[in-house]
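Chains as they are written, first to last, in my numbering: chain A, 35 to 217; chain B, 5 to 192.
Think of the hints as simulated: they come from the structure by calculation, not from any bench.
Some hints here could point you the wrong way.
Said to hold, decoys possible - Ranges between beta-carbon positions, derived for each pair:
#1 A:Thr133 to B:Val153: 55 to 65 Å
#2 A:Ser214 to B:Gly168: 48 to 58 Å
#3 B:Ser154 to A:Ala206: 54 to 64 Å
To be verified - From the structure, some residues in chain A lie toward chain B, with a derived Cβ separation under 8 Å:
#4 Ser51
#5 Phe53
#6 Phe55
#7 Leu56
#8 Glu59
#9 Val60
#10 Tyr63
#11 Ala84
#12 Arg88
Ideal placement from N, C-alpha and C gives every residue a C-beta, glycine not left out.
Each chain is listed here by its residues.
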Amino acid sequence: MQTFSTSSSAVADRSLSAFAFLFSEVVQYNQTQVDNIADLERRLEDAGYAVGARVLELLCHREKGNRRETQLLGILSFIHSTVWKVLFGKVADSLEKGTEHEDEYMISEKELLVNRFISVPKDMGAFNCGAFVAGIVRGVLDNAGFPAVVTAHFVPIEGQQRPRTTILIKFAEEVLRRESRLG
Amino acid sequence: MPPLTTPKSGDALFASVERVQNAELFTLTYGAIVRQLLTDLEEVEEVNKQLDQMGYNIGTRLVDEFLAKSNVSNCADFKETADTIAKLGFKMFLGVTATVTNWDAEGTTCSFVLEDNPLVDFVELPDTCQGLQYCNVLSGVIRGALEMVSMKTEVTWVRDMLRGDDAYEMRVKLTKQVPEEYPYKDDD
Numbered sequence: 035m036q037t038f039s040t041s042s043s044a045v046a047d048r049s050l051s052a053f054a055f056l057f058s059e060v061v062q063y064n065q066t067q068v069d070n071i072a073d074l075e076r077r078l079e080d081a082g083y084a085v086g087a088r089v090l091e092l093l094c095h096r097e098k099g100n101r102r103e104t105q106l107l108g109i110l111s112f113i114h115s116t117v118w119k120v121l122f123g124k125v126a127d128s129l130e131k132g133t134e135h136e137d138e139y140m141i142s143e144k145e146l147l148v149n150r151f152i153s154v155p156k157d158m159g160a161f162n163c164g165a166f167v168a169g170i171v172r173g174v175l176d177n178a179g180f181p182a183v184v185t186a187h188f189v190p191i192e193g194q195q196r197p198r199t200t201i202l203i204k205f206a207e208e209v210l211r212r213e214s215r216l217g
Numbered sequence: 005m006p007p008l009t010t011p012k013s014g015d016a017l018f019a020s021v022e023r024v025q026n027a028e029l030f031t032l033t034y035g036a037i038v039r040q041l042l043t044d045l046e047e048v049e050e051v052n053k054q055l056d057q058m059g060y061n062i063g064t065r066l067v068d069e070f071l072a073k074s075n076v077s078n079c080a081d082f083k084e085t086a087d088t089i090a091k092l093g094f095k096m097f098l099g100v101t102a103t104v105t106n107w108d109a110e111g112t113t114c115s116f117v118l119e120d121n122p123l124v125d126f127v128e129l130p131d132t133c134q135g136l137q138y139c140n141v142l143s144g145v146i147r148g149a150l151e152m153v154s155m156k157t158e159v160t161w162v163r164d165m166l167r168g169d170d171a172y173e174m175r176v177k178l179t180k181q182v183p184e185e186y187p188y189k190d191d192d
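Chain B extracted, bound-state conformation:
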């Protein structure tokens, strides 16, 4: 079997991806979505759930593009997966890298820490929306993407700069690794 090519670095990937427009359109569009959801749903919890669901939908498709463009080989374990997401995945789509920290003893839970988050440029949370997880779409994206590669996860936010913390931290817990099922049996 020919050796798999080594993954390109995050920067090279980012440079090769087409970037036609400015970050601001992306950030402002995301703000418009959150605003629309708040007007429609009114309950902050509902908005969080909807953002997560939207992120999940995006994640299921995003993972295909990521795998196609980044040429990574199979990750041996969850640790490698997390590293790949933080260095290549985030960089490719958002242009920032996350750091992976806080591994627990079994190696199934870790934290992604983002210093710089493009979704929240120009944003302040008013008092009426204190329960809002503004970046919940990101947790949905990770959950959706990992589920497509057979890993069921739970993602929660630990630190949020909009609430006054110093960085964005989300905790990703691997709950189940589902073995790949083939829809047909090879009978030869």
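Isolated chain A (complex conformation):
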């Protein structure tokens, strides 16, 4: 349903509160449609997936002159800097490689924009609205040819009141095989 025209006036800022209101409605609506937390996270992720797919197309066209990323690190740093900058106005706080598994990478953010005005009641446990952002990342990766499982987690940090949010990216087998072949 959404297509792209050559929109030159695309880069105008909208108010943060408008987005926060809209996002809260998304979460509230989805809460009425599901019975448990896992489904709620999945629905938020699906919503984010669609956004990610379009963001990739838009940015490839606008920022990179239609060149596709073929390397793992290339696509990760694209997400970490370009995508984050366009969506949230700043680059992500950090990009790390997982120590336990070869196929895991983590993008961390001290305070995700979408979580800024959200408070999670105790009975919802570990629910994280960052699932929406995880969906965006998954949409970008999937449509760029790097299938992965992406999830959002809270990581408590000493000295900080609110936990840090980490987006965990676990790449599929074929991506790693291809990476080692490309060398």
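Could you slot chain B onto chain A? The hints should help.
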């Protein structure tokens, strides 16, 4: 009584509001919502109603933020209210101004015309969704916001660029002005 401060201009308000992120996230998120609703509800009419309801919920809370940040004085009549919404309200939250036109004889119905609508960047309506009022959330927001300040209204869309018109026009009709009721009686 000290004089109320004059409202800041729309631009100054917009500049003072925190704008951290790009318009595209907002637009794309809205598109994702509409897509989800279409998948869940399938009936275009149902989707329109749901969008309106969501807008209503947003409007009831949005009006608080608007009044807090914009420092406007009480509007004397509906005409002033409409002007305030078009110039300050739209500008503060969406970054665009609307024009108010087409006042009827009694001054209770008017049209907001939007030339530029951030919700519909990149959007085309497919043939299967021709009855869809894509921007219905906006009419819900206005209805919700005005109801919180004691004005009951009906909002309908007259022109829609996604359907081929040249602008977005919504017609706002004031049906009832409900006087404010206090929940307790002052007995002194």
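Outcome of the hint check:
{"no.": "1", "hint": "A:Thr133 to B:Val153: 55 to 65 Å", "verdict": "56 Å, holds"}
{"no.": "2", "hint": "A:Ser214 to B:Gly168: 48 to 58 Å", "verdict": "53 Å, holds"}
{"no.": "3", "hint": "B:Ser154 to A:Ala206: 54 to 64 Å", "verdict": "57 Å, holds"}
{"no.": "4", "hint": "Ser51", "verdict": "6 Å, holds"}
{"no.": "5", "hint": "Phe53", "verdict": "5 Å, holds"}
{"no.": "6", "hint": "Phe55", "verdict": "5 Å, holds"}
{"no.": "7", "hint": "Leu56", "verdict": "6 Å, holds"}
{"no.": "8", "hint": "Glu59", "verdict": "5 Å, holds"}
{"no.": "9", "hint": "Val60", "verdict": "5 Å, holds"}
{"no.": "10", "hint": "Tyr63", "verdict": "6 Å, holds"}
{"no.": "11", "hint": "Ala84", "verdict": "5 Å, holds"}
{"no.": "12", "hint": "Arg88", "verdict": "6 Å, holds"}
The earlier numbered hints are all upheld by this structure, with none contradicted.
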